[in-house]
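One letter stands for each residue in the lines below.
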Amino acid sequence: MKITDACVHPYPAGDSTLARMAIEAAELGFDSIVAIGDARNRYPGIEVLRGAVICAASQKEVIRQVRSPAVRDADVVFVNAGDISFNRAVAAVKEVHVIRNIHATRRNAFDHVAARTAAERGVAMDISMAPIVHLRGTKRQKALQRYADILSLQRRYGFPLTISSDARSILGQRSVRDIRGLCALFGMTGAEVGEALSSVGRITEPHQPVRVVG
Amino acid sequence: MKPRPPTMRAKRRYILARILPYGMAADQKQVYLSVIEAATSLLGDAAVGFAQPAVVFCEGGYAVVRCRRGTEKDIATALATVSAIADERAALRTVAVSGTIHALRRRMKPIRPLSGAGDVKFGETYFTVYRYPRQKVDLVEKGIKHQKSLFFTEADLEER
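Just so you know, the sequences run in chain order A and B. According to this note's numbering, numbering within the first sequence proceeds without interruption in unit steps and concludes at 306. According to this note's numbering, numbering within the second sequence proceeds without interruption in unit steps and concludes at 180.
If we strip away everything but chain A, and leave its shape as in the complex, we get:
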């Protein structure tokens, strides 16, 4: 069971290099991180997976971008959430691993239909710590409401969750203990946090029946 920070944005998108973020993540109790962009090097003590984010307005555009070489090489493919019909459609795309940015969408943008599809296809929803850490007032309250909604759907339908710091700097990375505390704000239990932190490994290498080769 690998504890994974599901999304970090290293330099040049942020102000910290991937190597530095990897060192900090290892100190904060993570076994692996998913870095958006170019992640080719190996770092001692921590596994770095390559992630790609698709930002699209329609399912067609998502399918077109999924076929691009940069996305095909990625270990984890993220899609930014959109409106209700977009999220329902994206949850059914085979190549998509995680739907992110759900806190920025309208209420009920991810509904029970999308939740059922995501559970059937093994598509995860990402819970980002960045809005809880950096936003204040009503914006943070809305983010917490959205996460509580997602959690209630997850308990009912059983789709995977991932947890990410969404950090663009080492100052935005948080420890596993801090993440447990922050997730408790919207009612997530310690066991659910542990499950969510280790779900990236299950998404990239899903359990499959044993096949006899040759």
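Worth double-checking, as some hints may not be accurate.
[Unchecked claim] Simulated DEER-style distance windows between Cβ atoms:
1. A/GLY214 <-> B/LYS162: 29 to 37 Å
2. B/ARG132 <-> A/GLU212: 53 to 61 Å
3. B/SER135 <-> A/ALA240: 14 to 22 Å
4. A/ASN200 <-> B/ARG180: 42 to 50 Å
5. B/ARG180 <-> A/ARG134: 43 to 51 Å
Bear in mind the hints are in silico, worked out from the structure with no lab data behind them. Built from N, CA and C at the ideal position, the CB exists for glycine as well.
With chain A fixed as given, assemble chain B onto it according to the hints.
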């Protein structure tokens, strides 16, 4: 005024938090204001009033935050939402919680810059280089106020 006997005093807990970035000279009052702002916006006035958080001291890149016993988890969560101290980007990382400051002092390992500081130029901007243990390198833009910081490693710096 006669002090209260120890059995009648409120029980306290002390939280040790590391201040990031490493070289930041954080003032105790500024840290207190950041902690109170973060805790009040996250937990509300009633909960923070009950928890009575206070910054006992700041030294060696660490801050010790005091709170009422039983509220230390909430205050530690609030510390995770601190993203600036005195308008400078910063973070507080909880290291340990204890009932005495003496126990926390044992956990404090001051992180000082290694020798070999220098200057480096990226594009048109000059940065001062601060080296720390574990190959960490902090680059601070040369200037008077609101300097940009970059967080590299020794290997990253050599590649450039």
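Hint-by-hint comparison with the structure:
1. Range check, A/GLY214 to B/LYS162: Cβ separation about 50 Å, and the 29 to 37 Å hint is violated.
2. At about 55 Å, the CB distance of B/ARG132 to A/GLU212 agrees with the hint of 53 to 61 Å.
3. As the Cβ distance of B/SER135 to A/ALA240 is approximately 51 Å, the hint placing it in 14 to 22 Å is violated.
4. Distance hint for A/ASN200 and B/ARG180: a CB-CB separation of about 48 Å, consistent with the stated range 42 to 50 Å.
5. Our hint of 43 to 51 Å for B/ARG180 and A/ARG134 is violated, since their Cβ atoms are close to 20 Å apart.
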